[in-house]
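J.: Chains as they are written, first to last, in this note's numbering: chain P, -6 to 284; chain V, 906 to 1215; chain G, 4 to 515.
A hint or two may mislead.
[What the hints assert, rightly or not] Distance condition first, Cα-Cα at most 25 Å in a straight line; then the derived SDA-like pairs of lysine to any residue:
{"id": "1", "chain 1": "V", "residue 1": "K912", "chain 2": "P", "residue 2": "P95"}
{"id": "2", "chain 1": "V", "residue 1": "K1207", "chain 2": "P", "residue 2": "T155"}
{"id": "3", "chain 1": "V", "residue 1": "K1127", "chain 2": "V", "residue 2": "L1060"}
{"id": "4", "chain 1": "V", "residue 1": "K919", "chain 2": "P", "residue 2": "T2"}
{"id": "5", "chain 1": "V", "residue 1": "K1012", "chain 2": "P", "residue 2": "I10"}
{"id": "6", "chain 1": "P", "residue 1": "K44", "chain 2": "G", "residue 2": "D74"}
{"id": "7", "chain 1": "G", "residue 1": "K493", "chain 2": "V", "residue 2": "D968"}
{"id": "8", "chain 1": "P", "residue 1": "K62", "chain 2": "G", "residue 2": "K90"}
{"id": "9", "chain 1": "G", "residue 1": "K96", "chain 2": "P", "residue 2": "Q123"}
{"id": "10", "chain 1": "P", "residue 1": "K92", "chain 2": "V", "residue 2": "E1210"}
{"id": "11", "chain 1": "G", "residue 1": "K90", "chain 2": "G", "residue 2": "E370"}
{"id": "12", "chain 1": "P", "residue 1": "K128", "chain 2": "G", "residue 2": "E370"}
{"id": "13", "chain 1": "G", "residue 1": "K490", "chain 2": "G", "residue 2": "Q505"}
{"id": "14", "chain 1": "V", "residue 1": "K1207", "chain 2": "V", "residue 2": "P1124"}
{"id": "15", "chain 1": "P", "residue 1": "K(-1)", "chain 2": "V", "residue 2": "K912"}
Hints listed in this document are in silico derivations from the structure and should not be mistaken for laboratory results.
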Amino acid sequence: MVENKKGYTIFLHTFMIILCVLCLLPFILLIVVSLSSESSLLTEGYSFFPKEFSLAAYEYLFASPTIYKAYGLSILVTAVGTAVSIAVTTLIAYPLSIKELPGRKFFNFIVFFTMLFSGGLVPGYMMWTQTFHIKNTIWAYILPNLIANGFSIMIMRSYFMTNIPKELLESARVDGASEFVTLWKVVLPVSLPIMATIGLMSGMAYWNDWSNGLYYVTDKKLNTVQVFLNNMLMNAQQLDKVSGAGLDMNALPSTAVRMAVAVAGALPLMCVYPFFQKYFVKGMTLGAVKG
Amino acid sequence: MNNTKTKNLMQKIKRYWPFYIMMLPGLIYLFINNYIPMTGLILAFEKYQVASGIYKSPKCGLDNFKFLFQTKDAWIITRNTLLYNIVFILLGNFLAIVVANFLNEVKRDVTKKVYQTVILLPYIVSIVVVAFLANAFLAGDTGFINNHILIPLGLQPVQFYRETKYWPFILTFVSLWKSVGYSCIIYLASIAGIDPGLYEAAALDGATRWQRFVQITMPCLKSTIITLFILAIGKIFYSDFGLFYQVPMQSGSLFPVTQTIDTYVFYGLTKNNNIGMSAAAGFYQSLVGFVLVLLSNLLVRKASEENAMF
Amino acid sequence: MKKKWISMLLCMAMTAAALAGCGDSGSADSGSAGSEAADSGTADSGSQTAEEPAGEVETINVTYFSFNSIDDTAMVEEAVNKISEEKIGVRVKLNAMEGGQYMSQQTMLLSGSEDIDLIVTPLVTDAMNSGAFADMTDLVEEYGQDIKAVLGDNLEAGKYRGCLYGLPNLHEYASTPLLVYNGDIANELGLDMASVKKLEDLDGILAKVVEAYPDMSTPLYTGSSSGCLSSSYHDWDTLGDNLGVVMFDGASDKVVNLYETEKYRELVTTLHDFSQKGYLNADSAVLTENYWSLVPEKMSFGCILNQHELIAEEYTPSTGVNLEIVPLAETYRTTSNVTTFLWRIMSTSKKQVSAMKFLNLLYSDAEVEDLICNGIEGVHYQVTEDGKYTYPDGVDFANSTYYPNIGWVMPNGWLAGEWVGDIENYGEKMTEYNESAKASPAYGFIFDSSNVANEVTACTNVVQQYCNSVEENGTVDVDSAIADLNKALKEAGIDTVIAEKQKQYDEFLSNQ
């Protein structure tokens, strides 16, 4: 039995380490390429051991003052967006978990239906810009992503249904607490794991989002990091297509810059993620003990 | 009789009104963000005219849909979209559950954190960059596989971007590589929510690790799995555009195995960006997905009522 | 439900009858109804816009794009407004977008939901069909005298079904199938480039290059964004999409299937030969680097493409390589060349007169053009002793806050100041080149694909799938590869496309 356990542990870690190497190697390649000189890239192709290192890509990237502001805005959007998103999601998911709620099936379907049908880009765009005028405001990042899809509502709802003991709710009601107080004082404390999960998912969606910026923000001052970086990549892609004369090829970000762009976009999240993960894990254990 | 029913309902609503208030912000949001634009699906049946706008443009029946079904490509793109999605759903969920289960059994917090952070890396890298990285491995003259593996072994180099037979595997690998770290988060949360006492009791009873996985973990994950499956089925006619467009580097020779509904629509419509035809493609995808979801939900409901989504 | 369908059908029948003309052109009957409806259409827009905005200064939204730095657009806008308010009584909002963003948003920008008055776009036939743009015929007559002087005959290049939906900017109006090559290598190896008259002649040259530089990955660069060499290197009029073309040396009134012509077979045979000899890149279908970045590293010798003759001179400074060209066929002026970018007034604009006045200014006023193209003197550039522009001290390409580099998009970029290292008198040289070109027999013809949109979609996909392996893959048999391509095209309905094109082309020719 003990032997077996050891063998299993070895197997488990071997598996995870292989998986990690598979995930890590391309990422290391990405970093190395972003630090390679352009000429060694062109003559040798991508390599883990380039002939010549160079910081040129990062110097180019950070020469623009816009990028620092963009980082600030990204943080703001992610923080505000995630907070509001969790609030709205919880408020709609909790009632849907109450089995006796009249019309529950109907509301469930309303939520669910949004995940299947979408009106497409153009109508949504017209409405947000013409009726709500979110173009070139910070809301352009926050609103269209608020409930990215009904999915987060669905999993939160099923979490509430399976992990909140009915007796807990009943006793709160007997004590005369209002439904809002019950949600705040009784339900939320035991729901931290799901909050952490939804928050993590929504936070990542906000941080990585570039499509709203693409459609609703044309003012460069309002670029988030991802929008800034994505515009750069897209310029390069489109520039290849418009073979107009007199194009300054300097405008084309080199391969190294494209890779640096990827690193610059992902690295902050990578640095922050382990810290949030702490809460994520903490929340999980907390929820498990009390639930 | 009828009276008491209404009375009951009134009473119920009186009792539950705070819940409706809670739902209000979310419902209003869904109405604005999702339901109003849905009326725009009418574009699929129109020849769009700027002056008339979305709702008053001249109707053209099902003309916009024809291009999706007209050629023999229709069969190929539908087949590719479906098969890839089925493989991605099955393998993706399987791997995610396995990895989540392993992660949950890692005892040391630091190790766990390192593993989880690392496997999330691919999810964060944009697909454009993934395409570049894949190219670094696959390129004909400078690629790793040719230069550092096949040629040193005395094998013939492979022109990956011209040979269709490798791509089903390459695309599946890239898709799983990119998504597993993220999708296992959801399973991890569900597994962590399982009462540890259940496992301890089972261990005392002498249940093996596998038995515990099958008899405790899987049943607890059942509703999560079903939800994820039904949702994935709703999207089965959509494909991950970035994956199929960027990673094969738009190489036309690979179309028989890389072309999906989304890329077909994109290639066909880039020239003249017809709003009606794009809307038609989207409508078709939504509709098929919707029907499939209703069907699978019906099946689930028959099997176990409580796990059905609605 | 049934009732709904019936009313929908009724609706269809009713609206089909109402379609015609410039304002709300449908596809039903093109051409013939054009001129007649044009009058009513413009009369309409005339009544809308005829009232002079008395006293009040209108602000119009001008939307364009840049791939470079445009951070200080607001500052430039202010300077432009000073001039334009004084000269024509119009203020502008310069809506400069990031190039990549502009390209992906185009559908939405043209869907009529935006508050745009003046915009620059590619040919976008579909937007013209949906009535996104205003007919400019009368507006040019009344407020565009300078435009008429500058553009001359080319004014009408943007004419579509008898309506003037856009004006071409000043740029190269023709293209030559040519070889750009590294002159340094040619000198070093003593290559006799003068002997090269057509594509096949490159064989001996490339053989010597490959011998001297065995590590060169791409001796002859053939990549193009669409994956098909025949879309970027051609000696015929592509009529926009290569699906049905007009041959310069064939019957000028016939639309033919390119992929069945002898000329195409010859091109493909030559390329096959080149591919087998290792002149082309093994991954020609998926090249990630462009020629201009490969050539300084000596990873590529030459590149074949359709371009104007100044291209080598233009890229010499930025590549640091002494580039030269050899024409491989004659120079022609085609609709696609002239209409790369068209300046349009949106049909939804309520300030069409002001927009036209400002457009007129953009075509003729050097000061305004210079401001938008180069920014403000002393801030964004300084002038050297010989009158050329250069970056101010401490500013370079990477940190400049305004270096839009949009001379090639603006209506008349030739009016703007020239930078150190630019080709001198670019405008004059280009005008000379444009005038030297022969006009394609199909010059002025714009194909409306809306009646055969399904077939065009299918054919585009077929071409995308087959062309690279047909054109640049030495391992397949030429004849069977071409036969496969044509078989697939036939199934996709290319004959229908060509028939429709021929019909429209006949109409076009008879109206001339």
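J.: Take the hints in turn and mark each one as holding or not.
T.: For each hint, the structure was consulted:
| no. | hint | result |
| --- | --- | --- |
| 1 | K912(V) / P95(P) | 13 Å, holds |
| 2 | K1207(V) / T155(P) | 21 Å, holds |
| 3 | K1127(V) / L1060(V) | 47 Å, violated |
| 4 | K919(V) / T2(P) | 56 Å, violated |
| 5 | K1012(V) / I10(P) | 15 Å, holds |
| 6 | K44(P) / D74(G) | 36 Å, violated |
| 7 | K493(G) / D968(V) | 21 Å, holds |
| 8 | K62(P) / K90(G) | 38 Å, violated |
| 9 | K96(G) / Q123(P) | 19 Å, holds |
| 10 | K92(P) / E1210(V) | 13 Å, holds |
| 11 | K90(G) / E370(G) | 12 Å, holds |
| 12 | K128(P) / E370(G) | 32 Å, violated |
| 13 | K490(G) / Q505(G) | 21 Å, holds |
| 14 | K1207(V) / P1124(V) | 18 Å, holds |
| 15 | K(-1)(P) / K912(V) | 65 Å, violated |
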